[in-house]
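> Take a look at the letters that make up each chain.
There are 4 protein chains.
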Amino acid sequence: MQLKMTLDELNAFMNEQFPQVSDDFEVLDVAPMHATIRLNVDDKHLRPGGTVSGPTMFALADVSVYLATLAMIGPKALAVTTNISMDFMRKPTSGANLRSETRLLKLGKVLAVGDVLIFSEGDDRPVARASMTYSIPPGQ
Amino acid sequence: MQLKMTLDELNAFMNEQFPQVSDDFEVLDVAPMHATIRLNVDDKHLRPGGTVSGPTMFALADVSVYLATLAMIGPKALAVTTNISMDFMRKPTSGANLRSETRLLKLGKVLAVGDVLIFSEGDDRPVARASMTYSIPPGQ
Amino acid sequence: MQLKMTLDELNAFMNEQFPQVSDDFEVLDVAPMHATIRLNVDDKHLRPGGTVSGPTMFALADVSVYLATLAMIGPKALAVTTNISMDFMRKPTSGANLRSETRLLKLGKVLAVGDVLIFSEGDDRPVARASMTYSIPPGQ
Amino acid sequence: MQLKMTLDELNAFMNEQFPQVSDDFEVLDVAPMHATIRLNVDDKHLRPGGTVSGPTMFALADVSVYLATLAMIGPKALAVTTNISMDFMRKPTSGANLRSETRLLKLGKVLAVGDVLIFSEGDDRPVARASMTYSIPPGQ
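Protein chains in written order, with the working numbering: chain A, 3 to 142; chain B, 3 to 142; chain C, 3 to 142; chain D, 3 to 142.
One thing to keep in mind: the hints can contain errors.
Just so you know, same-sequence chains aren't split out, so a pair can sit in one copy or run between any two.
[Stated by the list, open to error] Listed below are the simulated DMTMM-like cross-link pairs for lysine to aspartate or glutamate, each with C-alpha atoms no more than 20 Å apart in a straight line: (1) K93 <-> D126; (2) K46 <-> D26; (3) K108 <-> D125; (4) K46 <-> D64; (5) K93 <-> D31; (6) K93 <-> E11; (7) K78 <-> D10; (8) K108 <-> D126; (9) K93 <-> E18; (10) K108 <-> E123; (11) K93 <-> D45; (12) K78 <-> E103; (13) K93 <-> D44.
Please keep in mind that the hints were generated in silico from the structure rather than gathered at the bench.
Construct the entire structure; sequences and hints are all you get.
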């Protein structure tokens with residue numbers, strides 16, 4: 003299986019399509035069925051106490067599987083999240099950016115399934131785990 | 003089972019503890035093991051195309067089970083989300099607020115489990131479904 | 003929305019298609035987007051200690067959403083489970099049959115989503131909760 | 003982190019505690035926070051059509067995380083499954099045994115979280131993915 007989008011194309015696509023969040027996310031690495039994405043943590047992502055909020059980790063997982071899928075099927079797709087399951091396992095490190103490691107487990111005609119581990123940069127124990135299903139519209 | 007917090011106490015607690023999001027959420031109704039909460043949809047909650055974003059629905063589900071749990075155990079708790087599963091079933095109606103209907107299915111000493119249906123106001127077909135587990139710290 | 007299969011037709015369908023487990027399950031009630039199903043608990047369903055095993059509760063949830071879906075789309079379908087999430091909340095009562103209450107939350111052309119509460123007969127606190135997604139093959 | 007049970011001890015533990023299913027499962031490999039387990043597929047595991055049933059894959063995932071956890075905390079534990087999420091991604095190969103690859107992502111005092119990929123032997127594309135949470139009783 004081959005990539006249909008490069009690292010630069012993925013970052014450019016995100017800047018164009020999601021300008022309001024594109025400063026938050028940066029694709030660090032992409033390979034067939036894999037992607038590594040950083041979330042630049044900012045005050046707006048924090049809960050009282052200084053750790054990254056649940057919705058922010060959800061957003062990182064969602065973007066990560068979405069971009070890993072687009073890297074394989076190309077930028078025209080309008081995949082829609084249909085299911086997510088997440089486990090929150092540790093408090094993210096205060097002040098550290100987050101990094102997601104995504105692998106696509108299935109890339110079918112109708113459904114794509116990926117899983118994600120989320121880390122605080124500088125710590126190799128995952129803070130959260132997610133698995134997500136995307137529905138891929140026909141005729142793309 | 004009896005409520006330990008009234009509707010007004012829940013809304014006041016949210017304003018105090020989460021001032022940055024308390025304008026977004028309003029507890030409309032609370033009963034033993036149940037809560038109804040409105041999300042006042044705003045530009046910041048929208049995706050391109052005008053529908054409410056996934057992370058926003060996640061945040062609504064998370065707040066809903068959290069507040070339904072606090073209503074039963076009182077405001078001192080520091081419950082932590084450990085697991086969530088969500089199904090996104092329909093596009094939310096553009097321009098409509100969201101309403102969540104939450105029921106607690108288990109309220110143990112260590113874990114609370116709740117499920118949530120999310121609706122666009124004015125439509126009785128759910129746009130999303132969530133189930134969540136909260137870990138309740140000992141000694142509370 | 004209208005039923006395409008009656009209670010008797012659902013039970014007959016199960017006997018014909020799944021003879022090896024049809025003694026285990028009995029559809030007690032069916033209505034548009036709802037079904038109530040009993041699991042007749044037997045030694046083979048038990049874990050050491052006498053409570054119903056996890057795989058047995060999984061099977062009950064799976065059958066329940068499947069039959070609730072067939073009731074709406076008719077007996078020719080070959081729907082396939084694509085996702086399940088379950089919370090196990092209480093030990094089932096030793097010696098009691100299980101009863102599932104299923105509601106379909108979405109019945110689309112491609113995906114059906116349902117959720118299930120499982121009870122030990124004689125106790126109104128749920129022992130488990132499940133949500134499931136079925137993929138409906140095209141052209142049915 | 004160190005193992006508290008060897009491969010042989012895990013297999014012996016399973017034979018003793020779960021005699022009714024111990025022929026089905028065999029621990030092939032164990033390492034800190036990892037385990038590889040085989041399901042010897044038999045007629046009783048099959049659905050009409052000859053593929054392994056959902057409840058059977060559930061049972062494999064459940065046993066896998068359970069044994070990976072016991073390997074780390076020792077055989078006295080009575081861990082209880084509290085949550086599972088599974089994605090079924092491909093039909094298992096007809097006639098092939100299944101193999102699970104499990105990694106523990108968190109081993110806390112109260113909760114353990116693991117994820118599992120399930121393969122048909124001879125094919126490196128996962129047929130299913132699971133993540134599971136176990137509650138570890140206090141005082142163990």
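> Indicate, hint by hint, whether the structure satisfies it.
Evaluated hints:
no.	hint	verdict
1	K93 <-> D126	within (13 Å within a copy, 34 Å between copies)
2	K46 <-> D26	both (10 Å within a copy, 15 Å between copies)
3	K108 <-> D125	between (28 Å within a copy, 14 Å between copies)
4	K46 <-> D64	both (18 Å within a copy, 17 Å between copies)
5	K93 <-> D31	neither (25 Å within a copy, 31 Å between copies)
6	K93 <-> E11	neither (33 Å within a copy, 28 Å between copies)
7	K78 <-> D10	within (16 Å within a copy, 48 Å between copies)
8	K108 <-> D126	between (26 Å within a copy, 12 Å between copies)
9	K93 <-> E18	neither (32 Å within a copy, 23 Å between copies)
10	K108 <-> E123	between (27 Å within a copy, 18 Å between copies)
11	K93 <-> D45	within (16 Å within a copy, 29 Å between copies)
12	K78 <-> E103	neither (23 Å within a copy, 35 Å between copies)
13	K93 <-> D44	within (16 Å within a copy, 29 Å between copies)
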